[in-house]
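Student: Here is what each chain is made of, one letter per residue.
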Amino acid sequence: MKQPTHAPGLPVPGLDVETIREFGPHRAYASELRVDTGSEPENHVKTHCCFCGQQCGLKLKVRDNTVVGVEPWYEFPFNRGMLCPKGVKRYLQQAHPDRLVSAYERADTSSGFRKLGYEEAVARVARAIERIQSEHGRDAFAVLSGASLTTEKTYLMGKFAHMCLRTANIDYNGRLCMVSAAAGNKKAFGIDRAANPWSDILGAEVVLVAGANVAECAPITTNYIWQAREQGAKVIVVDPRITPLARTCDLFLPVKPGRDTALFNGILHLMIENDWLDHDFIESSTVGFDKVAAEVKAWTPRRTAQVTGIAEKSIRQAAEWWGQAKTSFLMHARGIEHHSHGVQNVLSTINVVLASGRIGRKGCGYATITGQANGQGGREHGQKCDQLPGGRDLGNPEHRAYVAGVWGMSPDDLPQPGVDAYEIMRKAHSGEIKGLLSICFNPVVSLPDNNFVREALSRLDFFVAIDFFMSETARYADVVLPGSLQEEDEGTVTQVEGRIIRIQKAVTPPGDARADWKIIQDIAQALGRPQGFAFESARQIFDELRVASRGGVSDYSGVTYERIEENFGVFWPCPDQTPEGVPPPAPEGTVRLFEPGSWNPVAKGNGPFYFPDGRARFLVTPYQPPAEDIDADYPIILTTGRVVSHFLSGNQTRRIGPLVDHAPEPKCELHPRLANKLGIVEGDWVTVESRRGTCTIKATVVSTIRPDTVFVPYHWGGRKSANQLTISAQDPISKIPEYKVCAVRVRKAETAPKYASALEAQQ
Amino acid sequence: MPVPEKNEFFVDPGRCIGCQSCVQACTECDTHKGQSMIQLDFIDRSASTQTVPIVCMHCDSPTCAEVCPADAIKRTEDGIVQTARKPRCIACNNCVLACPFGVPKMNTGMNLMMKCDMCYDRTSIGLKPMCASVCPSQALAFGTREEMARLRPNAQPLNTFRFGNQLIRTKVNVMAPRTSSEDHVDVTAAMYEPAIGHDVLDDVFAEEQP
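Chains as they are written, first to last, in this note's numbering: chain A, 1 to 763; chain B, 1 to 210.
With the rest of the complex left out, here is chain A (with noise of 0.2 Å):
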């Protein structure tokens, strides 16, 4: 194993007592205002939670420039008034005491930081830039950004990347969590959007769950479920663990973590040997499909059950109902999408879907889950790093040309595309990455193997986090500088289904805390290459972002800030103007795809879908197993996922006492076959142990997880975090990492770890 090493004066994960008691995580309650029944709030603002990418609608209540509360918004249609847990709290992220109100700089204090002006510490952010890019070109300075900033920041962060910095190494945190969906999306469909909305499940005589946890991630996603089930469907969920989802479903293939493609190719196998198969369709709208019926042909009910480790007899279940169905919804998340082979495993869902012809219908839906909460349009307008606004490729002439046209620079001044999250950090761990501008990201607890993350950031020369807390990542930087809460700022964001909807500002930034596009904005100032980064208001930048996608996949054109609230959002694409003969989008833009005789800039008018003969894909997906299998050494499966109470890294949950409550600590579930051999009872602490670190937590005896599995939660840091044992190997595709399969072993600690007499549960 990899011994980390750690600069002198960075914080020992786990261990930085002192830098903790200063910034926290410290659990917020209601108190003061928040508890005082004399005084009603002056302003409810309608808004949307800042978590998940169901995007709930709420409304924010306000007293003297603090959010007293939640009140439910009844009329947006999406949830009606439902929120989870995270949603019903998430007010007491604002007003918390941990905010960061000021600039800080690294120092020699107790805490490793000393505060520092607004001013003085953008000027030496610039200083340190200009110095990086110049002694070691361009590209030795990168950007990190996150898929939970609004459409407009992230569309800065991108032009601010390619056009003030130049650098090709931006990407964002979405490398984590939407690519392996988005990359097979564009591949099969030429489109990376949720096909359908949300009402579409309603009506459908199967609903196929892959690899989400929707009780927990989605949980709004749950009603749809349960009242197209009472109106006849059969849910049928595929996850290594029973998921209150689950519980209840109509047929359950616990399949054994990594083999999702496995069991797809094996449905498709008994889909065309029964020919349950929409031929017209098949003939009509896509191409590929002679390839892919070879490839299955080896996919046996037999073989299939052998690798996924699903009963034959299920299997043959679910392609029959599959197979048979009028209507029908598919929809995955990050279980079949965190793998190695992760596009694979999506394509694999894909083909089931195609085959049977049931898309761009009513009724009739294909779509992924989206994780965060601009997970949408966060992956669209140019933060990742082969990407220009409007879905447009920064390695395409013509992409280029026009994105340069909109910024006024020469398409010869855009750089190449970069390289992924990961590569960014293997890149500053061989020293050719020098200087790092990190937002909304917090790869320290959120990236595989992140003992070697933290070896990455202690490298550096030079480190900027723009955060509203001191997350564990902005621990390792020079400078940290306050930006903004959701609700501090406004903007849009794309949700889900792939409608645009309006964040709206309840209250103002505190102290030295600004919008984070202002902060960008004065550092370009402070780099004296002002020029694209004068915007006043976010709706500026929305404006200018409408014209950049404008004729792109991704066409934001006709959408306004007013059309969105007139209609409670608009679905993309929406484009302003269409060729003659082509109707313009209805006010809430187009709601479903693929519908047929649908027109769009690619196919124009050849087929529903994004190609340019309008026809979708049918691709090859050999089964491959994970990059670490279990052996000898290490023979349990571990499987890594998320909680209802705290949201990806746990830098804003692990702050809101209420649901640290519910969800204090990680614990690693065990089923109990696996705790007898292994001598382990509810509540011991365990030691879980791969080749590259090793956690100890409590364990959870439960029957509702495969034997030869066990699930351990991300959200917290230090010696808590699971992912100092998940592996870094990537999707050689869309590059997301391995979190849902690595080999571990586990064994009963001796005593207790050191953490849990210094440490707050949460911290």
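Hint data in this document are derived by calculation from the structure and do not stem from the laboratory. Hints may contain errors.
[Said to hold, decoys possible] Straight line, CA to CA, 20 Å or less: simulated EDC-like cross-link-like pairs of lysine to aspartate or glutamate: (1) K33/B <-> E40/A; (2) K86/B <-> D36/A; (3) K33/B <-> D36/A; (4) K187/A <-> E295/A; (5) K667/A <-> D44/B; (6) K105/B <-> E66/B; (7) K667/A <-> D684/A; (8) K754/A <-> E665/A; (9) K33/B <-> E71/A; (10) K187/A <-> D393/A; (11) K186/A <-> D393/A; (12) K313/A <-> D275/A; (13) K33/B <-> D661/A; (14) K297/A <-> E273/A; (15) K33/B <-> E32/A; (16) K698/A <-> D44/B.
[Claimed, not checked] Derived DEER-like restraints, expressed as beta-carbon distance ranges: (17) P153/B <-> H279/A: 33 to 39 Å; (18) T300/A <-> L151/B: 39 to 45 Å; (19) S537/A <-> T179/B: 56 to 62 Å; (20) N93/B <-> Q324/A: 57 to 63 Å; (21) G126/B <-> K313/A: 49 to 55 Å; (22) T300/A <-> I43/B: 38 to 44 Å; (23) S199/A <-> N93/B: 45 to 51 Å; (24) G126/B <-> E580/A: 48 to 54 Å; (25) P153/B <-> E750/A: 56 to 62 Å; (26) F568/A <-> I54/B: 33 to 39 Å; (27) L151/B <-> E22/A: 47 to 53 Å.
In this text, a Cβ means the ideal position worked out from N, Cα and C, and glycines have one as well.
Since the structure of chain A is already known, use the hints to place chain B on it.
Tutor: Chain B in isolation, oriented as in the chain A frame:
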């Protein structure tokens, strides 16, 4: 203003996903900020992810009120059993011990019994209670009987519960399968059923597990 008669409360534990959204929302109420009147827990987490939310059932003849020596618990004409009146409640715990559903809780700090009043501040002005508003799986739902019949054609609301020889009718309904011929829920009978403990995984594995 009384709660409009047409709207009723429906509980369907089969839909519950244990997310605690109802519990968190309940603690946001102005009359008991920080305290939830709902209990939600796993039945047996070692065997299942099944959870059950317990809300006040608002009995027609509320046992809590009947056993209250101080006459602190009132049932208003709209059928809502109100939380104990602060000037009257003597914190004797009678209601806590007597309630067949185990709902009332004693707030020892305030020397006051507290229970759900079905968000009287909201429902009396036509809004849904907070828990049924936010519940992402609509295991807790608030609406008309007709709406529920339309939305959930396979389920029927029951509001009669048998505890041994005691029959209790409630304002709050529990959803049961429509195919069931029972017209009530036999609560005590269920107590002697073994825990669910379904080893469903065993049936769907292809291979021998360790």
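Student: Hint by hint, say whether it matches the structure.
Tutor: Hints, verified against the model:
1. Proximity of K33/B to E40/A is assessed by CA-CA distance (about 15 Å); at most 20 Å being required, the pair is judged to hold.
2. Taking the CA atoms of K86/B and D36/A, the gap is near 19 Å; set against the 20 Å cutoff, the hint holds.
3. A C-alpha spacing of about 9 Å is found between K33/B and D36/A, which places the hinted pair at or below 20 Å, so the restraint holds.
4. This hinted pair checks out: K187/A and E295/A have alpha carbons roughly 18 Å apart, not beyond 20 Å.
5. Only pairs whose Cα atoms come within 20 Å are accepted, and K667/A paired with D44/B is accepted, the gap being roughly 17 Å.
6. A distance of roughly 16 Å separates the Cα atoms of K105/B and E66/B; the hinted pair therefore holds under the 20 Å criterion.
7. Restraint check for K667/A and D684/A: the C-alpha separation of about 10 Å stays at or below 20 Å, so the hint holds.
8. Note on K754/A and E665/A: the hinted pairing holds, with a Cα-Cα distance of about 15 Å set against a maximum of 20 Å.
9. The suggested pairing of K33/B with E71/A holds, with an alpha-carbon distance near 14 Å, which does not exceed 20 Å.
10. Taking the CA atoms of K187/A and D393/A, the gap is about 14 Å. The hint holds against a cut of 20 Å.
11. Under the criterion of a C-alpha separation no larger than 20 Å, the hint pairing K186/A with D393/A is consistent with the structure, at around 12 Å.
12. Between the alpha carbons of K313/A and D275/A the distance comes to roughly 18 Å, so the proposed pair stays at or under 20 Å and holds.
13. A C-alpha spacing of about 16 Å is found between K33/B and D661/A, which places the hinted pair at or below 20 Å, so the restraint holds.
14. At roughly 9 Å between alpha-carbon atoms, K297/A and E273/A fall within 20 Å of each other, so this suggested pair holds.
15. Between K33/B and E32/A the alpha-carbon distance is near 11 Å, which keeps this suggested pair within the 20 Å criterion.
16. For the suggested pair K698/A and D44/B, the alpha carbons sit about 18 Å apart, so the restraint of at most 20 Å is met.
17. A hinted range of 33 to 39 Å holds for the C-beta pair P153/B and H279/A, which are about 34 Å apart.
18. With their beta carbons about 42 Å apart, T300/A and L151/B fall inside the hinted range of 39 to 45 Å.
19. Checking the proposed 56 to 62 Å range against S537/A and T179/B shows it holds: the Cβ atoms sit about 59 Å from each other.
20. For N93/B and Q324/A, the hinted distance range of 57 to 63 Å is satisfied, since their beta carbons lie about 59 Å from each other.
21. A beta carbon spacing of about 51 Å between G126/B and K313/A agrees with the range 49 to 55 Å that was offered as a hint.
22. Our hint of 38 to 44 Å for T300/A and I43/B holds, since their Cβ atoms are close to 40 Å apart.
23. Checked against the given bound of 45 to 51 Å, the beta carbons of S199/A and N93/B, roughly 49 Å apart, stay inside it.
24. Restraint check, G126/B to E580/A: a C-beta distance of roughly 50 Å satisfies the suggested window 48 to 54 Å.
25. In this structure the supplied range 56 to 62 Å holds for P153/B paired with E750/A, their Cβ-Cβ distance being about 57 Å.
26. Range check, F568/A to I54/B: about 35 Å between beta-carbon atoms, so the 33 to 39 Å window is met.
27. A hinted range of 47 to 53 Å holds for the C-beta pair L151/B and E22/A, which are about 51 Å apart.
The structure agrees with every numbered hint stated previously.
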